[in-house]
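Chains as they are written, first to last, in the numbering used here: chain R, 61 to 350; chain Y, 21 to 780; chain S, 355 to 515.
Some chain S residues close to chain R (C-beta under 7 angstroms, calculated; not the full set):
(1) 376
(2) 377
(3) 414
(4) 415
(5) 488
In silico PhoX-like cross-links for lysine-lysine, where the CA-CA straight-line distance does not exceed 20 angstroms:
(6) Y:453 x Y:425
(7) Y:267 x Y:302
(8) Y:267 x Y:110
(9) Y:208 x Y:331
(10) R:348 x R:147
(11) Y:766 x R:324
(12) Y:524 x Y:560
(13) Y:766 x R:320
(14) Y:567 x Y:608
(15) Y:642 x Y:766
(16) Y:642 x R:324
(17) R:320 x Y:769
(18) Y:208 x Y:335
(19) Y:224 x R:320
(20) Y:766 x Y:224
(21) Y:777 x Y:766
(22) R:324 x Y:769
(23) Y:336 x Y:208
(24) Y:425 x Y:335
(25) Y:147 x S:358
(26) Y:336 x Y:425
Honestly, the hints are just simulated from the structure, not real lab data. These numbers come from a predicted model, not from an experiment. The C-beta atom is built at its ideal place from N, Cα and C for all residues, glycine as well.
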Amino acid sequence: MEGVRYEAPDTLQAAVALLAGATGTSRILAGGTDVIVQMETDLVEPALLVDIKKIRETREIAGENGGFRIGAAVPAMEIVEHAAFSKAWPGVVDGVKLIGSIQIKGRASIGGNVCNASPAADSVPALVAAGAIARIIGPNGMRDVPVEQLPVGPGKTSLAKGEIVVSFFLPARPAHASDAYQRFTPRTEMDIAVVGVAVNLALDAGGTCTAARVALGAVAPTVLLVKDAADALIGTRLDDAALDRLATAASAACRPIDDKRGTKEYRVKVAGVLARRTAQQALERARKSR
Amino acid sequence: MTATILENSGYNRDKKLKIVGTSPVKHDGLDKVTGRARFGADLFLPGMLVGKILRSPHAHAIIRSIDISAAERLAGVKAVVTRDDFPEIKAGTPGGDMTRNAMAREKALYDGHPVAAVCATSEAIAKHALKLIKVDYEVLPHVIDPVEAMKPGAPVLHQHVRTKGIKGADQPSNVIERLDLSMGDVAKGFAAADVIVEREYDTKPMHQGYIEPQSCVATATEDGQIELWCCTQAPWVYRDRLTEILKIDQAKIRVTQSEMGGGFGGKTGFYAEPVAILLARKAKRPVKITLTRNEVFRATGPVSGTRSRVKMGVKKDGTITAAEAELIFQTGAFTGSMFFNAPQAMFTRYNLENVKTVSYEVVSNRPKVNSFRAPCVPQVVFGVEGVVDELARKIGMDPIDLRLKNAATEGYKTIYGETFGPIGFVETLQAAKKCEHYNSPVPEGQGRGVAAGFWFNRGGETTGTLNVATDGSITLILGTSDVAGSRISISMMAAEELGIPVDKVRAVMADTHSLGFNRVTAGSRTTFATGIVIVDSARKAITELSKRAAQIWGVPEEGVTFEDGYCRPASSNVGTFEPMSIAQIAAKTTPTHGAIAGHSEMNVTGAGPGFGLHIVDVEVDKETGRVDIKRYTVVEDAGKAIHPLQVEGQYQGGAVQGIGWALNEEYYYGEDGRMQNASFLDYRMPVASDVPMIDTEIVEVPNPRHPYGLRGVGEVPVVPTMAAIANAIGAAIGIRPQSLPMSPPKLLKLMDEARGKGGG
Amino acid sequence: MSRKYHVTATVNGDECEFLCEAQQTLLDILRDELMLSGTKEGCGTGDCGACTVMVDGTMVCSCLVLAVETEGGRIETIEGMAKGDQLHPLQRNFLELNGLQCGICTPGILIAAKALLARNPDPTETEIRYWLAGNLCRCTGYDKIIRSVQAAAKEMREARS
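Next up, chain R with everything else stripped away, as it sits in the complex (with noise of 0.2 angstroms):
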């Protein structure tokens, strides 16, 4: 029994040189609300903890070319509280104001989020609809992927041993375009969504929908990126009619299961309530932007 090493290094290189370096499990402690919940139900038993909060990379929410970065383990409270995020990014902080309780905001992060690979976090169908490009340090240096490249199934991601996500770049936005995120839970809180929609699009100065990014979430084995349901709104003005195509594709697409959260045919159907309602949001803050 020699227990868990934890370490808890100031820059990437050092963690990253911890991370491949090692022998056995090892885990990056972040906000830890997935990590530290495993650990205590014993599902993993990690020898090794990187606690990669103490490097700025990871902790800073920065403008970037008229976007914004935000590190991987930035606390979703921060998140939330951040103005100018909020305003120009609207639909990723509804997804991150889901993420759990207020306490449970306090250390959670989009990095813990997006890396734990759960098809129903909250954040990722918003971030993947904003098209938001994860930033990945590792032994090989830097790269940058969509974030929808990242979880591969439930629990797994496509990072390789010794990875990093250091931040999240969101791309600076046009005039009306804005973003929702809507999920179902049985409860008003402290749930996991059943179906998760994320509608992020932007129209032009006479409100036709020019581009248009759908993500579901809890509906697949990941968060799907749903083109058809995009196409169903570029080119109209969301009226009934588009948003009924909407509603269709986002239920066709749905590939869910039976469990203890939901039915399928639950799902299937609500997936299309959702992004029916999700979309009118959007469209609504969309209309108000500027």
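Dock chains Y and S against the given chain R, drawing on the hints supplied.
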């Protein structure tokens, strides 16, 4: 001989009360808002070890062998126990069931059933040691659902069970008992009805959901003396049952109750306590076992799930002519559901003459159920009040008027033999009918439902002591547990009797060496029964105080009366003496006869039945099936609210537990018979943002068998909740759900089916 | 022997040192090492809020913080809420308005409510309910908890103006 307090409570409607009926701060509250209060897990003893339990991962399996040798060898492990450490007790006896639930013997009967335990110097070592224990299981087919468990060919849990109540039952069965309870002639009753409604219902097991997991600390000395500290609703019952299964003298176990972080019935039976005792005995050091939330869900008492069929008939004028029910209760792996409450209580509140019920208690591969507020009654009232609602609609009568038309009143002889004394069902219904909520228009898009409930309320064996300190302050020793504030309510009654401020009174809960036997703190009996015992003790102390005053004054005992906290000469013939306060008399304790106290023990009778009516407004999201509780009112008879804020708290808490049971709470089992949602995250109890304020109206129809007229108030608030919500959903969407929980997927399906039928 | 880490932190203003294993949570250390048992464990998985404490001004579940992470940190628990004989207005209002029944969730709820009122002195009922959604209570139905927070907030606003 003067009448006892049970024969004559001394209840006086006109008595001016100074303390009873106010809401002072509870004396134990300060420790609870500052973190000082010591709950089950808050005892730390020198040399204390951490105990952990290994649990079966199988729903049903023969335990062929258990190899503990590697665990025993691990450094830091001080003891390991298994079934071999428990005395053999014949299966199928109460003791045999209890010992087998505490530690699996021949078979593991549910996911989470304890199979071994260790204690070690740290939690990490104890957890590691569990992994070193090798259990050889022969996995058997399992059965979770009670209806499946009743079918021929179902896996049989206990080979020794022959169904009680069925003549000639000679084959092993999962049906523990069939119970028939009837009155009158239902055939005649239904023949007289103009409208008959018959429906089937099912409800799911729910967990009591106390926030404090069970925790205990056991010590054992070389000469066999056991000390057990634990959070419990039943110190004496724990003691007696522990002595039974561990074969120890009762005088050699002292059970001390901690503060209890919620019980609701779930802490009336023990789990880890015998294991902790055996570990402590082997290790010769104190052992603490605190269950994890996962263990609490998988292996401690949920509430029975039920299937029921309810049939009732009514005349056009609103007279209910007959009622019939067939009920199935799942009791988990062992008997003990208290299902007999259900046929007794389900229709009781209506003055029915013709009732027929058949009830079954069935075992399956799930944790043994434990009590919960009004054990086994809310589940079946869910059906009864649904049928009553439908009868009201079919004959075009207001639902409260229909209940009023059939309301039981004083003199009604119940199906279980009790003849009602003064009861407040009519007054409760009238208050509900008059309240603002019921008279407000139902908001657009919402539905309103009402439902009524009843609970017997209980008395039972109770003991208590009242000590007069030499400065005249009062200490109370109570045998029941304080689950939500009974200490202050009982202190208030003592202060009222003695005519002193309640701040002069302090109550503690006794350990099992300090008082005689007390029944479980359950069934809404505590403030009633311990209240009577303490009032009786106070009256005895007053008699003694009067004697002392007589002695001091040198007058005959009958020359002294006690009033408003003072002994006074009974008349001017006695002589002229300044009245003496309790403090003044107590100051002369030593020169008189020594300590002044009152003590009382009795099997308390005379609990006054409780009745309530709930009104709820809901909104249903027609696209997702999600129910939002918009407004909720509880109207209930308290007899007399000793501490009105606490009575309101009981009404509100019960209603919100019922909201959880109604909408989301249930157990999910996988195909493998393992519980899938053993966490607060996935079990889905209501959070603060799920519910509105809960309005309350306290009706007071006194129970004259209690000195202050009170009735228990803890059970009734959950009895009608699920029915009221179902009736409201029915009003909102046109279909009354018949299956709990009324979760979004179920409601959406119901609505879709109705839309399909309606052609759009 | 299991690897141990030495940690120095302040708890309710007092500097304290302890040794911990890396997997031990702040809750474990508060209760079992520092004997501050006012912080309660209801689930160990961040779902009930009974173990809520403040770490460096942020409200967290102490069951989801590793003790080793709190090196140099500032920890506040229920034991530090009253100042001498002076109860915090939240504590007093919970007592007077019966905002607690069994009391097991109370420490966590008081810490959470205090954090709310520090940010928002005049929260609506809905804001209070959502802020406290991470704190389960099974006894009260929440009604009197919400009213106690409202009353304390009012009292604190009035004391300030």
